[in-house]
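Once you have looked at the hints, place chain B on chain A.
Line order of the protein sequences matches chains A and B.
One gets my numbering by counting positions in the first sequence from 1 and adding 956 to each.
One gets my numbering by counting positions in the second sequence from 1 and adding 956 to each.
Note that these hints are calculated values from the structure, not bench results.
Wrong hints could be hidden among the right ones.
Copies of one chain are not kept apart here, so a pair can be met inside one copy or by any two copies together.
[Unchecked claim] Straight-line Cα separation of at most 27 Å, DSS-like style, residue types lysine-lysine; simulated pairs:
#1 K1200 <-> K1087
#2 K1200 <-> K978
#3 K1070 <-> K1212
#4 K1044 <-> K1219
There are 2 protein chains.
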Amino acid sequence: MQKSENPIGIFDSGIGGLTVYKALKEILPQERFVYLGDTARLPYGTKSRRTIVRFSLENAEFLLNFNIKSLVVACNTSSSVAIEELRKRYPDLVILGVIEPSARRALEMSPRGKIGVIGTEATIRSEKYQKILREGGAEVHSRACPLFVPLVEEGWIDHPVTRMVAREYLQGWSDRIDTLILGCTHYPVIKKAISLAVGQDKVLVESGQAVGLELKKILKERKLLRSSPSHEDDLFFVTDFLEKFERVSSLFLGRKVKIEERKFSLC
Amino acid sequence: MQKSENPIGIFDSGIGGLTVYKALKEILPQERFVYLGDTARLPYGTKSRRTIVRFSLENAEFLLNFNIKSLVVACNTSSSVAIEELRKRYPDLVILGVIEPSARRALEMSPRGKIGVIGTEATIRSEKYQKILREGGAEVHSRACPLFVPLVEEGWIDHPVTRMVAREYLQGWSDRIDTLILGCTHYPVIKKAISLAVGQDKVLVESGQAVGLELKKILKERKLLRSSPSHEDDLFFVTDFLEKFERVSSLFLGRKVKIEERKFSLC
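Just chain A, same shape as in the assembly (with noise of 0.2 Å):
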């Protein structure tokens, strides 16, 4: 039973879901989170399924042991092929992807119906922004980017490398698209080298809020949001600790956080 006064968890493979974190705490206020980024495995989008899914049903473990009365997963790439499994193993949970939120929002916004969307190679390979989009009647485009994630934790963001890397993903797209997906929680950081190489006319579209607003109405309807706001911490957890993610936390976060490690069993 789903108490209102548990928390809500999320995981990501890495720290970047902490951009999702922050837009479903500005939309959320009341409510505790606990974060854990799979920083040991990371990253999951040159993974295959069959370990995506894995990797993905013991982060959801994990944070049940906090009595999550929610579970969000940040990451694109895990929510594109684990989300069903996720589903399956725990049918009592509120379960939350990044993929139909951003989606859909993407169909609201987009003018003409002309839809982009980038990310990981599993996210791009599973299809799953695409069929969404199609269903909804856009004409779509798609197109892995796995070397934005790398560029990003490189920290070269407004770098002549980035833009040249973002023209060769995107070439020829500022004719065919309108709006376009940031189908990775890193892609974000590097929004203005995208924007300028498919024209800065485009809408973009980031999985925060999308989430956000999607988790608060599914709480609402089950009477599960909080009543009052909670006095305690939120909780920050990954499977390997660098010095330099508090760092990094601050900037995606405006505030430095305690981040612990822990590690778990993969058998």
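For chain B alone, kept in the frame of chain A given last:
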């Protein structure tokens, strides 16, 4: 008690270490090899020392199930940060990393002792190469090049972006070094772009051959070389299997090999 007919174990974070396997097989054609690529958790180079040590010990444990007489750590990152722990844990096993042999070979080959070394963040941060080279009297330049691995994996081998990234990382090195250690198993694949950036007159040192010659010497001293060729096939394992591995392995090896997936516990 080690027996000469036992196989040699090799591990790497991925399948890049097959370049090391290939060199070992050429130098030690009578021997049998068991290879493990920890593709479910790669890359290692961006992770913490503690986590890399843990992963390395688990990989060794897996290979010991095959009664290996010797362990080659093909991964530069593991060699940099985990080799002492491995030797402490398995004092009776011949354990060879890629760092020491490659550094000694660079010292032998360098015309004027001006040596550069490039690798992952963890390899460069460990200062292992730099220490051996300085003790050998060299003037040392070092730099982490985290984008080279994703560029190789994206297949952008002879690509303007790769040349631009190489120029950015190695700016000014042309006048500073006469020899360059490619301190990561992926780098030989983009040797041309690296060579253009540092000047084509430079000596490039790769890991495989240096390690093979050293291993042969040690096994001979300990009377652990096989006296007749093994008739059993070499074995190749990964922790996450992707279709593309068999195709990529044929690029590395000139032949296709059968690769099996194994999961193992991480506790």
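Each hint tested on the structure:
1. K1200 <-> K1087: Between copies only: 25 Å across chains, 38 Å inside a chain, cut-off 27 Å.
2. K1200 <-> K978: So K1200 and K978 pass the 27 Å test inside one copy only (19 Å; across, 37 Å).
3. K1070 <-> K1212: Classified as neither: same-chain Cα gap 39 Å, cross-chain 42 Å, threshold 27 Å.
4. K1044 <-> K1219: both (25 Å within a copy, 23 Å between copies)
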